[in-house]
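So the protein lines, in turn, are chains A and B.
To convert, note that position 13 of the first sequence is 13 in our numbering; the numbers rise steadily by one, no gaps.
To convert, note that position 58 of the second sequence is 58 in our numbering; the numbers rise steadily by one, no gaps.
Do not rely on the hints blindly, as some may be mistaken.
Okay, derived cross-link-like pairs now, SDA-like style, lysine to any residue, Cα gap no bigger than 25 angstroms in a straight line [stated by the list, open to error]:
| hint | chain 1 | residue 1 | chain 2 | residue 2 |
| --- | --- | --- | --- | --- |
| 1 | A | Lys13 | B | Leu66 |
| 2 | A | Lys116 | B | Glu152 |
| 3 | A | Lys86 | B | Asn12 |
| 4 | A | Lys48 | A | Ile82 |
| 5 | B | Lys145 | B | Val155 |
| 6 | B | Lys11 | B | Leu42 |
| 7 | B | Lys125 | B | Glu138 |
| 8 | A | Lys81 | B | Lys145 |
| 9 | B | Lys90 | B | Leu119 |
| 10 | A | Lys72 | B | Glu138 |
| 11 | B | Lys82 | A | Trp129 |
| 12 | A | Lys14 | A | Asp75 |
| 13 | B | Lys20 | A | Trp129 |
| 14 | B | Lys64 | A | Asn92 |
| 15 | B | Lys83 | A | Leu113 |
| 16 | A | Lys96 | B | Ala9 |
| 17 | B | Lys11 | A | Gly89 |
| 18 | A | Lys19 | A | Met50 |
| 19 | B | Lys90 | B | Lys141 |
| 20 | B | Lys51 | A | Ser110 |
| 21 | A | Lys48 | B | Asn106 |
| 22 | A | Lys117 | B | Lys145 |
| 23 | B | Lys64 | A | Lys86 |
| 24 | B | Lys125 | B | Lys11 |
| 25 | B | Lys80 | A | Arg20 |
| 26 | B | Lys11 | A | Asp102 |
| 27 | A | Lys116 | B | Val109 |
| 28 | B | Lys20 | A | Arg20 |
Quick list of simulated restraints, FRET-style, between CB atoms [said to hold, decoys possible]:
| hint | chain 1 | residue 1 | chain 2 | residue 2 | range |
| --- | --- | --- | --- | --- | --- |
| 29 | B | Gly93 | A | Lys117 | 30 to 36 angstroms |
| 30 | B | Gly93 | A | Ser110 | 40 to 46 angstroms |
| 31 | B | Asp104 | A | Asp56 | 51 to 57 angstroms |
| 32 | A | Gly101 | B | Glu95 | 32 to 38 angstroms |
Source of the hints: derived by calculation from the structure; they are not laboratory data.
In this text the structure is predicted, and so the values were computed from the model without any measurement.
Don't be surprised by glycine CBs; every beta carbon is placed ideally from N, CA and C.
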Amino acid sequence: MRLSYNNKNNVVKKEEIEKRILERFSNLNDNQQYHNLFCSYDFHENEKNMLEFWKDVIEFLFESVKNTHGMKLEDIIETIKIKGKKPLGLNNITHKLIEDGDLIPSSMLSNDLYYKKYFPELVQTKESWGGWMKRNISKYSFIII
Amino acid sequence: MFFKDKQYAPKNNEVLLNRKMFLEYNEQIMKIFEDLFHEEDLETITQAEMKQILRRNVLFYKIKDLDDSLLDYSLNFLEKTKKLSRFNVKIEGKEILCIKYLKDENSCVSLKDNAIVNLTLSIRKLDRTVTELHNRIEETKLKAKEFLLKKEKQVKV
Chain A
1 MRLSYNNKNN VVKKEEIEKR ILERFSNLND NQQYHNLFCS YDFHENEKNM
51 LEFWKDVIEF LFESVKNTHG MKLEDIIETI KIKGKKPLGL NNITHKLIED
101 GDLIPSSMLS NDLYYKKYFP ELVQTKESWG GWMKRNISKY SFIII
Chain B
1 MFFKDKQYAP KNNEVLLNRK MFLEYNEQIM KIFEDLFHEE DLETITQAEM
51 KQILRRNVLF YKIKDLDDSL LDYSLNFLEK TKKLSRFNVK IEGKEILCIK
101 YLKDENSCVS LKDNAIVNLT LSIRKLDRTV TELHNRIEET KLKAKEFLLK
151 KEKQVKV
């Protein structure tokens, strides 16, 4: 499997990307909100709003700006630059989105454990007779006792 | 947790796929296979044919992205989730990558699929040879006619 992903048709200038993000996410025009959203992200529960905000921005970047299904991690981080600044927390936010399953790392597509965790309903395997017996014996052992 | 166990650490140059868009794309790929099965009774095709079908039906299946790597990722996903199966067929020393639509949980790749691909490709090759021969015969006929006409003219003169 190739690991490069180049969508040649979707070359959008950086200024254009910034303009479109600012149009769509107008709260970035507010200085206080801009400052808060560009702080670092430390995986805390109270940073949920920040995570949700950047999740929407990244989705918008994929769907409406770049019109692509896949982007390199470095490109996502490099592309989002607003008013001359890069969001400090973007690297950690992307990691969190990967952990939450919103972004799928291409290398994980050949990893069985990844499917078990993120797509359990799609990789259900038939239970063996032995497994079924073991599960039910332990479940109803109190009746036997 | 999967990632906290350090089984995976994202690399900067790794491609990240948007889950929602990727799953939608996979659905469209499956739709193509279902249509091929229901409308043309086809379960097995080569990966090259799949690419051609995608390119020809971009609008019909609402395919936004024709990148080959995306198709690879998708086929990998669909294979892992047991919707499709990929296998190689060796024809005239060349390995040809094929895909089989697994219509139910009992479906699997068998020798029959190997034979189907082999036969289909051989028939196509024969078909191309027949067409080529036909064209050559027609060409020769035309040349012969032209030659006869020339001769006739020469005789009259």
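Check: Are there hints from earlier that the structure breaks, and if so, what are their numbers?
Finding: As far as the earlier hints go, 2, 6, 8, 10, 13, 14, 19, 21, 22, 23, 24, 25, 29, 30, 31 are violated by this structure, in ascending order.
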